[in-house]
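Asks: All chains, full assembly: derive it from the sequences and hints.
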Amino acid sequence: MVAPKVILVTQARIGSSRFPEKVLQKLGDDTLLGVHLKRLKKSVLAQKIMVATTLEPKSEQIAAIANQAGVSFYHGSTEDVLDRFYKAVVDYQPDYVVRVTSDCPLIDASLIDTVIEMTITNQLDYGANVLVEHFPDGQDVEVFTFAALEQAWRDATLLSDREHVTPYLRKNADVNGGTLFKAMNFAAPDNYNKVRMTVDEPSDLATVALLIAQLGTDKDWKTYTDYILAHQDALSNQSIIRNEGYLKSLNQDTHE
1 MVAPKVILVT QARIGSSRFP EKVLQKLGDD TLLGVHLKRL KKSVLAQKIM VATTLEPKSE
61 QIAAIANQAG VSFYHGSTED VLDRFYKAVV DYQPDYVVRV TSDCPLIDAS LIDTVIEMTI
121 TNQLDYGANV LVEHFPDGQD VEVFTFAALE QAWRDATLLS DREHVTPYLR KNADVNGGTL
181 FKAMNFAAPD NYNKVRMTVD EPSDLATVAL LIAQLGTDKD WKTYTDYILA HQDALSNQSI
241 IRNEGYLKSL NQDTHE
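For the sequence shown, position 202 matches number 202 in our numbering, and the numbering has no gaps at all.
It is worth saying that the hints were derived from the structure and are not from the lab.
Quick reminder that beta carbons are idealized off the backbone N, C-alpha and C, glycines included.
Hints should not be assumed to be uniformly reliable.
[As the list claims (entries may be wrong)] Calculated cross-link-like contacts (lysine-lysine; reagent style PhoX-like; alpha-carbon spacing at most 20 Å):
no., residue 1, residue 2
1, K5, K58
2, K222, K194
3, K38, K219
4, K38, K26
5, K48, K87
6, K48, K38
7, K26, K219
8, K42, K171
9, K87, K5
10, K219, K41
11, K42, K194
12, K41, K5
13, K26, K58
14, K5, K42
15, K182, K171
16, K222, K38
[Unchecked claim] Pair by pair, the computed Cβ-Cβ distance ranges are:
no., residue 1, residue 2, range
17, Y92, D29, 30 to 38 Å
18, K58, D190, 19 to 27 Å
19, K222, D29, 22 to 30 Å
20, V2, H231, 45 to 53 Å
21, K26, E60, 29 to 37 Å
22, L55, R18, 15 to 23 Å
23, L55, K5, 33 to 41 Å
24, P57, A3, 35 to 43 Å
25, Q93, A230, 43 to 51 Å
26, L229, K42, 20 to 28 Å
27, A230, D91, 42 to 50 Å
28, D233, K26, 41 to 49 Å
Replies: Here it is as structure tokens:
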């Protein structure tokens with residue numbers, strides 16, 4: 001049997017309201033994006049990795065980091081990320097698309113592969129570990145069929161659905177009372193919702209830099225999580241609100 005065609009796409013842009021150029025920041029001898037891509041390349045089930053970036057000034061620096069890592073890249077819309085995401089993969093006609101974001105430098109490739117396997121084995125339209133947010137912020141993985149992505153790209157109209165790629169899929173998933181998409185959540189072994197290893201603000205970068213200095217760049221998500229839990233009081237970023245960008249988009253939906 002021919003293995004399904006799986007493409008992994010990570011979003012990366014220069015602009016950020018809270019931390020501009022964060023993906024270009026140094027982490028040890030590398031950049032945040034460079035660390036992220038090296039960890040993504042450990043995925044066994046993703047046959048191709050793509051950086052979906054923008055046409056903003058300096059975005060060529062993102063393309064250069066991708067190129068250095070041996071990863072493809074695509075330049076697309078800054079605001080309509082769903083459109084950028086779809087157009088990054090449409091020429092490849094994959095069976096499944098994996099979505100991660102580049103502000104998660106310590107994303108765990110084995111966790112990515114587990115969610116891919118769950119999605120394929122159960123013939124899901126959408127499989128993820130974010131339908132119940134018990135994994136640490138910075139370990140979010142979403143896998144969906146290309147057909148589901150195309151349907152979202154064609155039919156989603158809300159600003160929040162276009163800016164964040166997958167809300168349309170989640171809202172129309174059967175686990176949330178929808179009828180369009182068969183979905184399933186991959187559950188965490190415990191509730192680590194309050195643990196942060198994503199980078200939205202400079203204090204997040206300081207925490208990730210400390211994790212790398214203490215543990216290196218090759219540990220699994222649980223090892224980094226345990227370190228954070230053991231040193232939580234000394235890490236100033238652990239009180240930042242999760243998914244602040246998406247909440248902001250939802251607020252804009254109601255004011256348009």
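Asks: Determine for every hint whether it applies to the structure shown.
Replies: Hint-by-hint comparison with the structure:
1. Taken as a hint, the K5 and K58 pair is broken in the structure, with Cα atoms around 32 Å apart against an allowance of 20 Å.
2. A hinted pair counts as satisfied when its Cα atoms are at most 20 Å apart, and K222 with K194 qualifies at roughly 14 Å.
3. For the given pair, K38 sits about 12 Å from K219 by alpha-carbon distance, which is consistent with the 20 Å threshold.
4. Under the criterion of a C-alpha separation no larger than 20 Å, the hint pairing K38 with K26 is consistent with the structure, at around 14 Å.
5. Under the criterion of a C-alpha separation no larger than 20 Å, the hint pairing K48 with K87 is consistent with the structure, at around 15 Å.
6. For a cut-off of 20 Å, the pair hint linking K48 to K38 stands: about 13 Å separates their Cα positions.
7. Of the supplied pair hints, the one linking K26 and K219 holds, its CA atoms being roughly 19 Å apart against a limit of 20 Å.
8. With a CA separation close to 31 Å, the supplied pair K42 and K171 exceeds the 20 Å bound.
9. Taken as a hint, the K87 and K5 pair is honoured in the structure, with Cα atoms around 17 Å apart against an allowance of 20 Å.
10. Of the pairs offered as hints, the one joining K219 and K41 holds, with about 14 Å between alpha carbons and a cut-off of 20 Å not exceeded.
11. Under the criterion of a C-alpha separation no larger than 20 Å, the hint pairing K42 with K194 is inconsistent with the structure, at around 26 Å.
12. For the proposed pair K41 and K5, the alpha carbon gap of about 16 Å is at most 20 Å, so the pair holds.
13. Straight-line distance between C-alpha atoms of K26 and K58 comes to about 16 Å, which keeps the hinted pair within the 20 Å bound.
14. Only pairs whose Cα atoms come within 20 Å are accepted, and K5 paired with K42 is accepted, the gap being roughly 17 Å.
15. A hinted pair counts as satisfied when its Cα atoms are at most 20 Å apart, and K182 with K171 qualifies at roughly 11 Å.
16. For the suggested pair K222 and K38, the alpha carbons sit about 18 Å apart, so the restraint of at most 20 Å is met.
17. Checked against the hint of 30 to 38 Å, the pair Y92 and D29 passes, with Cβ atoms roughly 32 Å apart.
18. A hinted range of 19 to 27 Å for the beta carbons of K58 and D190 is inconsistent with their spacing of about 40 Å.
19. Between K222 and D29, the C-beta spacing of about 25 Å keeps the proposed range 22 to 30 Å intact.
20. Between V2 and H231, the C-beta spacing of about 47 Å keeps the proposed range 45 to 53 Å intact.
21. Remark: the range hint 29 to 37 Å for K26 to E60 is contradicted by a beta-carbon distance near 18 Å.
22. Judged by the Cβ atoms, the range 15 to 23 Å given for L55 and R18 holds: they are separated by roughly 21 Å.
23. Checked against the hint of 33 to 41 Å, the C-beta distance between L55 and K5 comes to roughly 27 Å, which is inconsistent with it.
24. With their beta carbons about 40 Å apart, P57 and A3 fall inside the hinted range of 35 to 43 Å.
25. For Q93 and A230, the hinted distance range of 43 to 51 Å is satisfied, since their beta carbons lie about 46 Å from each other.
26. A beta carbon spacing of about 24 Å between L229 and K42 agrees with the range 20 to 28 Å that was offered as a hint.
27. Range check, A230 to D91: Cβ separation about 46 Å, and the 42 to 50 Å hint holds.
28. Between D233 and K26 the Cβ separation comes to about 26 Å, which falls outside the hinted range of 41 to 49 Å.
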